[in-house]
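Now for the letters of each chain:
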Amino acid sequence: MTLLLGALTIGLILSLLALGVFISFRIFHFPDITADGSLPLGAATAAVLLVGGASPILATAAAFGAGLAAGAVTGILHTKFRINNLLAGILVMTALYSINLRIMGRSNIPLLSADSLSARAEQIGLCAVSTAGFDVAGWTISMRDASSLLGVFIVVAIVGLALYAFFRTNLGTAMRATGDNDQMVRALGINVGSMIILGLSLSNGLIALSGALLAQYQGFADVQMGIGMIVLGLASVIIGEALVGVRSVGLLITGAVMGSVLFRLLVAIALRAGLNPTDLKLITAVFVFAALVLPAFLKRLRGRA
Amino acid sequence: MTSDNGSPMLAIRRLSMTFSAATANEVKALQQVDLSVDPGAFVIVIGTNGSGKSTLLNAVAGTFSADSGTIVLAGREVGGWPEHRRAALIGRVFQNPFSGTAPALSIGENIALAARRGSARGLARALPGNLRRTISERVRVLGMGLEERLDNPIGSLSGGQRQALTLLMATWIKPKLLLLDEHTAALDPKSADQIIRLSDRLIRQERLTTIMVTHSMQQAANLGDRLIMMDQGRIVYDFSGAEKRRLRANDLLERFEEVRRINQLDRSAADMLRRTYI
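Chains as they are written, first to last, in the numbering used here: chain P, 1 to 305; chain F, 1001 to 1278.
Okay, chain F solo, but in the shape it has when bound (with noise of 0.2 Å):
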């Protein structure tokens, strides 16, 4: 694996996105983003609305494909790849805890689904007693009494205990990056404090390369070895480390602020030239 000559799990060099290019509209989404993740990193990503963060996520998981860049994962090319081949070296979970997860069939028949990710699904039985055996053993993990419901439609649950689902799905067959898209954004705080828990614990006992994106400081400041700022489509900037560990909540808070004036000082610069020189 590319792990072990040091190379990183995810490459990502000058990659661009625009949204309605050439109207009045346009969004310059992502502008030559440059982005290198090495193998177990847990990268947190943070940015205003807008600024291209669940873009990128979007790029990688290959939703849309980028309009120039390339994107290296676990050593492969996947910028041409369609979504669901990516899917293959990807796990994922939406900010939506209705969207990871199919609504009419159980908690049992969900799971046997991801636990085929990326592999080929023939005319073998989904659920055979083995996998069963399996399923229970590691939902009951999540202390969440699901076990004894493998057969219940998992729509009948709470969006809390389908987003557990959903994290344990994306992570049945260990994925090479992990993608989590603000994925307690909708949550209750009490479900939201138990999925992070439990992100946290998966990604830390599987050494799972993750990027998260997430609009609170709190989780920020707390989670993950680097830490990523977008603005405007870029990165701006990059705290890893010991830096990572030192950065509070407010010192968060204080970057935006910042990044906000730089935008300001900018807006006015141009005016001030463009009164002086035209």
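Isolated chain P (complex conformation) (with noise of 0.2 Å):
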């Protein structure tokens, strides 16, 4: 139970990586691989300030912060000095594992006995229920797994309607059509390199901010730990549109995080079934591969038949 509980939190958690890139790939085409360096900036900001006693939820809100400058610089390598999409990602993503040492002063931080949204929600959820633990259907979980949980569920919510509202606006419709029609949008008054730098920076915060929630609840913050971040947010957001199909922005949305949760239960079986966790960036690199070329290869198959 500890274990699907565990799944579910930490699929919600990425379900903002996969937001995060779902807003780069899905609606600008752009391949930010600045991911693989913004969840570990998250992660060591938040970190760093939880460590120094600062509140959890400003810790948050910071590393939230540092995304949105770390998806900026990515924007403005891009639209300004008109560097290729994939290297300016690759760029910023090298230059932030650098910086997220110098935050961190080290690769890796404890963060078992500081003060975290994980340890607030449990007593929130302690003083509301006032049981260390309840069963459900024979098992027993304890309110530390629960709280968190919920919490996350309640962070994501939030989020997910925040960012359906704002795709509805004229900012966020105007960002969408940019991904899709850029001369359209230029011929309507719009500038382009704005929407890019704008979107991206959304991207990156979305991704700190899971960054910063994964390593509250996981207890430590590691400079590693943003390695293969970006597969993983495609194979979310592949899953995703697979669950709910492609059209409105709210389903997609919707997908993205179903995506998401869904990987980290399949994962969580598979090593459960004895999978070595070595193997887990592999697997979830050729499962994306797959994605990406099943469809054309059946499509040609149907046509040859």
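By construction, these hints were calculated from the structure, which means they are not laboratory data. Predicted, not measured: the structure shown is a model, and the values here were computed from it. Do not take every clue at face value.
[As the list claims (entries may be wrong)] Computed, partial: chain P to chain F, Cβ under 8 Å:
#, residue
1, 170
2, 190
3, 191
Note that CB positions come from ideal geometry on N, CA and C, so glycine has one too.
Each of the two chains sits in its own frame; use the hints to bring them together as a complex.
And the structure:
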């Protein structure tokens, strides 16, 4: 049961990463590798502030802010200095590795003794129910697990709704149109460069937020924790599209969240069944490869038959 | 506004544009072009491929900035403005019917984007109820039944329908200048006819200052109150008033032939001079 709750919680935390990747990759068609650096950036920023005694909410907000800045830098490199989109992301990701080490001062910061959002959620849960655990269908659930899951669910719901509302504003609609048809967008007086900078900024803000929550839930921040995050986010977005189909923004946002949770559950099951954790990233990469290639391949097969 | 004191809506002075300068592929797309367009004028531009007519339109719209010369639009020197800033004054419809709309966005959202051309875009709802009603009314006038499908993605519509919506979007906020770049060339004859009628009606009703590039001699003869023929980056004929009204499609073809012969003559004269003196 703890394993299942853990998978759900991490799935929800990483759904913020999936939403960030959804913005860069699906809305702007910008394969933004900054993600691999901005996720640990969020974790590092939050961890250092938490260890320093800052309030968990402030620390998490600061992580979001750091992600916003990282994304904006990638956007500026691409639009103002005309650096290829992949390379712009790689440059910022590489730079962030050093920056993250600078922020943390070492490669790993444990958070088990620090006041964090997870600890806060547990306290609130304990105040409300005043038992250290309860039984559901014969399984014992600890208050820490239950309150973390509920807390993360609330955060993801708020972020998802806010994102949905944003994409229906004048600014959000202009952003979606920018990825869709930039010629039209210019002809209607929208600055394409500004839209890309803003969009990547928002994307990486969400990814850093995901990193901050992940660090607080897992109880540590590690400089290596960002490796392969862009591929993981892509996998979630692709699963989400398979679940809801590709149409309205609201559905796609829901799909990205569902995709992330489902992917985490599948991983938990596979690990339980004896999969070596070492192979996880390879399997994720192969999965994304298959998801990208299979639709066109199947179409060709059908066309031939 | 500039129309009050009799000054032109658009004044182009000595505009030049050379592509691939100083290479074997050098193309002088615009050579010291002067053009002045009065407020409310409907100017047709014709010319062979490579004559510079589309380059002229793109230079005014700001797709690229010209090598030299000035462009004054509604009293403002816009030559140094980026494309998106000029868009505050200019409405555009492209040759490709898919260029003017964002396919994944709904009809309503596309028009909502056009309804804020030239103004800041903030965090207000893009498609509030009152705008929706206005959109529904103005889309109904197109007579295509699209007012029932405002939430459908625009990518699901035909080229003709998308071009009609692009035209509506380009004129949603009255532009100081409307640029139509062969906007019916990629459509089937029936849709093309429909779009031309719609364009003509909108331009007349709103008295829109318009420059329209076309390949159709029929359109060139029947539409507009001024006609410009371009060749090799220059304006070679400029008809207006009664002279423009008298022009027929055949007359235009004759002018094309004339231009072609002059060009040949230029070349053979140059050959002769070269043989004689070099």
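Going down the list of hints, with the structure as the test:
Because the closest C-beta pair between residue 170/P and chain F is about 4 Å apart, less than 8 Å, the hint holds. For residue 190/P, the suggested interface contact is upheld, since its CB lies about 6 Å from the closest CB of chain F, less than 8 Å. Hint status for residue 191/P relative to chain F: holds, with the closest Cβ pair at about 5 Å, below 8 Å.
The structure is consistent with each of the numbered hints, conforming to all of them.
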